[in-house]
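Chemist: Line by line, the protein sequences are chains A and B. With full-length UniProt numbering, letter number 125 in the first sequence gets 125, and the count goes up by one each step, no holes. With full-length UniProt numbering, letter number 64 in the second sequence gets 64, and the count goes up by one each step, no holes.
Careful: at least some of the hints might be erroneous.
[Unchecked claim] Lysine-lysine pairs mimicking DSBU-like chemistry, simulated, CA-CA at most 35 Å apart:
#1 A:K214 / A:K47
#2 A:K375 / A:K47
#3 A:K166 / A:K214
#4 B:K77 / A:K47
#5 A:K214 / B:K77
#6 A:K166 / A:K47
No lab work stands behind these hints: they were computed from the structure.
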Amino acid sequence: MTAMLIIGAGEAGIAAAGALREAGHVGRVLVVGEEPHHPYARPPLSKAVLTEDACPVEHIRSAEWLEERGIELWLGACVESVDAAAHSAEIVRGAERCVVPYDKLLIATGAAPRHLPSLDPLGGLVTYLRNWEEAIALRSRLARAQSVVIVGGGVIGLEVASSAIKLGCTVTVIEPAPRLMARALAAGTSEMLLDLHRTAGVYVRLGVGLASAKLVDGYAELTLDDGDRIDADLVVAAIGVVPNDLLASRLGCAVDQGILVDANCATSVADVFAAGDVARLVHPLADEPIRVEAWQHARRHGAHAARAMLGDTSPYAEIPWFWTDQHGVNIQVAGLPGLADSHVERGATTLHLQGDRLIAATTIDNGRDIRPATKMIAAGWSGPVAALTDPSIPLARLAQAPIPA
Amino acid sequence: MSDEWTPVAATGDVSEDQPSVGNVDGAEIAIYKVDGDYFATSNICTHGLARLSDGYLDGFLIECPLHQGLFDIRNGKCAGDPVDVDLASYDVRVVNDTVEVRLRA
Ligand SMILES: Cc1cc2nc3c(=O)[nH]c(=O)nc-3n(C[C@H](O)[C@H](O)[C@H](O)COP(=O)(O)OP(=O)(O)OC[C@H]3O[C@@H](n4cnc5c(N)ncnc54)[C@H](O)[C@@H]3O)c2cc1C
Ligand code: FES
């Protein structure tokens, strides 16, 4: 019987384990996770976990769910190295060290916050946010903090800003790019978001970087590139993530800003697969391999990897999707708006086109449009912009209509 | 009383494109119409704070507008991640152009 080893007990790893069983795999399924906690969802960490007292942890799957399926879960266990030729992994679990053989291996090690060395002089006043401990620590510090500076105007930084304002802090966001969430959003949405944050009372400094940081009488004193100074009693560094791809790189996988995988989640090494935040994949919407850092993708990609490990060769073509909640507004993006060259506004939904092809959609408090838009993107909808502009025709109806020639 | 029928909407007000919202004993419910038949469930997603009436109806499945959780509107059962708690669902009847509902035991 084939043994499946999954490294990383996050969304991708747990989804893979479940999908292996769903596809009828009867051999061993072992998930090894470095964190001590039962696998949990990260999205609440920058939202409800920060703003609500004792917000319960949201488990990805219950212990019973995993048990019923005969999925073994080793927590607080770290895969130190993999011998791809021998098909085995060396795992450290507390004081124990053991070697586990596998037939197929899935690397779902996720990503870690990018370190910002210029903040190091601030010591304990700096927080990063990826895991449960960091979220709990941030929550208790936000409750006491007066002035919070968030370095990075990406999705995590802005969600923390939104939570911190709600808790009554004075909040400044520093973003060196000329607009917010520049990688993930079209320019129009960035503008709306800037408005939203400024209206809520967040000081947003765009187009200016952090020059230096020092500790003065227990306070953080930050100096910006333009010479401005800001004092803070808490600094949150949220300048993006780096994929945890070192293990894969050492075992021989081709790696370039993430583990390179084909449409079947296969790496360059036989019997080794990768999925989720750590993987850089080929995708029909993009010419270059992309990394998708989103909750739904991690689950779907993980499940896809599982089926591929069992021999399924259908290519992964799910349309990336993420949501973010800021100041009570729900923003959702399907597809890749960054690749678009024109945009069509339909009320609270914006459609993004590359030439005459629909490649993305953004909704503001209008999630119901995402599904039909996703269908259209997946089906390769292309046609005259005029066909999309009439807001009186529901997108759902456009999605059902045959694609215009 | 939940074992009684409660009028929640006029049939003319429920469209096939979009669920309507009604109220039963202070609970918000969503009323759906598919191929001429009416269905009703709780309107609040069991995963987070979202109204299913703002979601997307695809056949007998309602998709939550926040995280795309799916429920079967015929029985309130979960039909797609991330939801894992079923919705309350209601029996539905039409009396004189009025949609009436009753909590299903
Ligand atoms: C604060 C926050 C808020 C977010 N909000 C949203 C949102 O609103 N919407 C959205 O779409 N997405 C959101 N995301 C993104 C989403 O959570 C991630 O895309 C998703 O968690 C990725 O899943 P993954 O399984 O690939 O990686 P991870 O969840 O990072 O899991 C990887 C796991 O592998 C473990 N690991 C790493 N190396 C080893 C090793 N050698 N041995 C054993 N274990 C190892 C790690 O400890 C980790 O637990 C958010 C993320 C964060 C951090
Ligand atoms: S709130 Fe409905 S799926 Fe999350």
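Chemist: Where does the structure disagree with the numbered hints, that is, which hint numbers, in rising order?
Modeler: Number 5 - this is the single hint that the structure violates.
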